[in-house]
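Student: Here is what each chain is made of, one letter per residue.
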Amino acid sequence: MLEVENLSAGYDGLQVLWDVSLRVRTGEFVALLGPNGAGKSTALRVIAGLLRPTAGSVKFAGNSLAGLRPAEISRAGIRLITEDSNLFLAMSVYENLLLGAYTLRHRKRIDERMEMAFALFPVLKERRKQLAGTLSGGERKMLGLARALMARPKLFLVDEPSLGLAPRIMMSVFEALQSMNRQGMTVVLVEQNVNATLSIANRAYLLERGRIVLEGESGVLRNNTQIQESYLGLS
Amino acid sequence: MRAFSDLRFSPPALAALALLIVAGFLIDDEYILNLMIISLFFGAQAMVFDFTAGFIGIINFGFAAFLGLGAYVSALSAIRLGLSPWLAMWLGAGVAGIVGWLTAILTLRLSGIFATVMSWFVGLTLLSLATALVPLTRGSLGLSVPPLLEAAERRPLFFALLPLAALIYAVLRAITRSRVGLAFRAIGDNIEAARASGINPSRYRSLNFTISCFFAGLLGGFYAHFVGILTPEIMATSHTVEVLALAYIGGRGSLWGGLAAAFLVIPVFEFLKPLFEIRLVIYGLLLIAVMIYVPDGLAGRLARLRRVA
Amino acid sequence: MDGWALWDLFLTGLLRGGLYALMALGLSLVFGVINIPQFAHGEFYMLGAYFAYFAFFTLGSTPMVAILLAGAAGFAAGALIEKALFGPLRKRGGADWVMNTFLVTIGLSFVLQNGALALWGANFRGITGYWSGSLRLGSSMSIPLDRVAGFGLAIGAILAFWLFLGRTRTGRAIRAVAQDETGAALLGIEPNRIRNLAFALSTMLAAIAGGSLLSLNPAHPAMGSEALFKSWFVVILSGLGSVGAAIPGGFLVGILETFGSYFFGSVWQDCVSISIIILILLFRPNGLFASDVRGIWER
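Chains as they are written, first to last, in our numbering: chain A, 1 to 235; chain B, 1 to 309; chain C, 1 to 299.
Hints are supplied without guarantee of correctness; some may be wrong.
What the hints assert, rightly or not - Restricting the straight-line Cα-Cα distance to at most 35 Å, the calculated cross-link-like pairs of lysine-lysine (DSBU-like) are:
1. C:Lys83 - A:Lys125
2. A:Lys59 - C:Lys91
3. A:Lys154 - A:Lys125
4. A:Lys125 - C:Lys91
Stated by the list, open to error - Which chain C residues stay away from chain A? Per the calculated CB distances, all over 12 Å, these:
5. Ala84
6. Pro88
7. Arg92
8. Trp120
9. Gly133
10. Val177
11. Ala178
12. Ile189
13. Ser242
14. Ile255
Rather than coming from a laboratory, the hints here were simulated on the basis of the structure.
Positions of the beta carbon are idealized from the N, C-alpha and C atoms, including for glycine.
Please put together the full structure from these sequences, using the hints given.
Tutor: Written as structure tokens, this is what we have:
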């Protein structure tokens, strides 16, 4: 479904990604792992159209995304959740969710999606009249996820959802992602927490300093010595 | 003031000054001489305006009102106190400078566009005061002002304005090339960074406003005694916009750009009489075009060409 | 001072206030959503008056139709101008956006004002009245229907706009773009189109204001200047942070101004107003009703 080939990108002359290639098949749960500053977020931003690559291509369902505006890429069925979720802080939880369903037209479908979002994250239902700016960090992440789900995206790009979250909340977020994936949504998850990620993802790529250094099935990667030493704290 | 490290003129400026002097002597046509006075007058205004807009990055949208303030103070002190117009001008400058300083104080807590709007409000207040205080200013009826010179000939008047304009240019240029000028530019570029480097934006903003309003008032004083009849219209916002347009077409931050633009635009409009009717439309279109396509103005383009060559 | 005179002043103030609120709403919208300090706002008010005049007088439309046509023309003009002027500026990007757009709107204001002068001349184009007759209130009070209708239209437009912004999908999208443009784009909302819409809506509101008051304020090219000043006055006073604050702000200014005019004389009233706003800004630089959240909507 998603084909990234030889992607290079950077900011203001500083190159961050070097010749990155990845493939995600429909229905897969793929993780993009790596240390801080490896360029994982940058990769997602390029796919979502927020950053223009200097070289390489991104194809979604066979169509090239080159030159498309972020809103167009969104409408094609891709949803990116950024690190800070880009919530509309002065609007209520309910309104944020409604905006998530912007591309949907039928009132009934929107209501259905809203119910599903509330089922997935009951705390959002409780706080639905509250302004997004008054939510806690974990609640904001949940809102960001729920909002992006409202339009039933085909491809879900999630950038470090666990950052700043208590382990318990992190687990529920991960479970939510897993359940969405089981319902047919393709997920690309960027994370620093290798252990938890490898237990829910099918495959993973390891990005270090802007280059893909390792790729493979989660099970295989778990047993990889490099991963074990550098990221799992085992030796 | 430690600013006057460089009161000389650069070669191009000297050449321009020489050119103007020669032209002033050679040209006999009253009409053309008058045009030169007007161009010089607007050009000088543009320079003074640019001193604020192009350096500390704030648009003094009440600029015309400060000029008008200087005009009225000068006129009234000549009428009521019997001061010679040559002295009265400087009194006008002084008062305008003080009010400029007060305005700066008012806008200190405001940033960018808010400071612009506030200075606009101050200008509007001055305008409405001038219109309202009829016993003093005769409001819209017009104030009859003692002339600068007895004769109505243009040439002496041109040579009355030229030293003023030259002085203004020399002083402003010296300041902008000094450490004070560097501080101005730093504030205009990035006020937070300037503050972090130890520059006190408030102090420099006040200084800048005081100086520019002082010179605006001086030019206003000249205007009053040149034109002979003073109405509050001189303070109108549209007048500020004309000056602003010249400054931006010429190139903000260049000082001389506005002067050059004035000498280009004003005579052209005169010679194309039919266009004069929609002069302001063209000013507007020019301003729009410049802001969209050539934001650096003439001076900026010239600088870029020089760098490439 | 007798009760009826007071009441009359209050009503006049209310009518003025409604007009100011409408204008300030439009200005707030532009500044809040697109971050453009609109200095040509008054000119769209002027255009609205002219459009309504031509529709009513020349085409012979009914008052409502004339005003609606003025609004529609204002909308169209705004949409075209935004695309032509601010699109290219946006591509240029950069730190000077606010100042650059400010200057472009100044240029635009010049073009529109003097264009109107060149096209239609300096004469005042007025109409004696849209609707004849008056509304009787009690035994000794009557208000001309035109004033009532003008006020009603202003209130109606404000209400409609309020509901639009607060409860419709597009209104929500506008608020979203104002708060977090990236977030909005990531949900499929096209920021450029929303901005174009916001600008067109603001010019439409100004045009409706100009059109509805045609019988009270005849159309002439320079009429935008005062409207511009009043709009900015209200917006700065109320605080730029919120579109909603412009509404009570507008009414407040309208009423205070009418009373001020009566007691100080209209000639001094400007000085007094400005002195007041200078004082207020000294202590509350963000305006009276300002808030910290940079959203354009307050609850």
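Student: If a hint holds in the structure, say so; if it doesn't, say that too.
Tutor: Here is what the structure says about each hint:
| no. | hint | in the structure |
| --- | --- | --- |
| 1 | C:Lys83 - A:Lys125 | 41 Å, violated |
| 2 | A:Lys59 - C:Lys91 | 26 Å, holds |
| 3 | A:Lys154 - A:Lys125 | 24 Å, holds |
| 4 | A:Lys125 - C:Lys91 | 41 Å, violated |
| 5 | Ala84 | 20 Å, holds |
| 6 | Pro88 | 17 Å, holds |
| 7 | Arg92 | 17 Å, holds |
| 8 | Trp120 | 41 Å, holds |
| 9 | Gly133 | 44 Å, holds |
| 10 | Val177 | 10 Å, violated |
| 11 | Ala178 | 9 Å, violated |
| 12 | Ile189 | 6 Å, violated |
| 13 | Ser242 | 9 Å, violated |
| 14 | Ile255 | 29 Å, holds |
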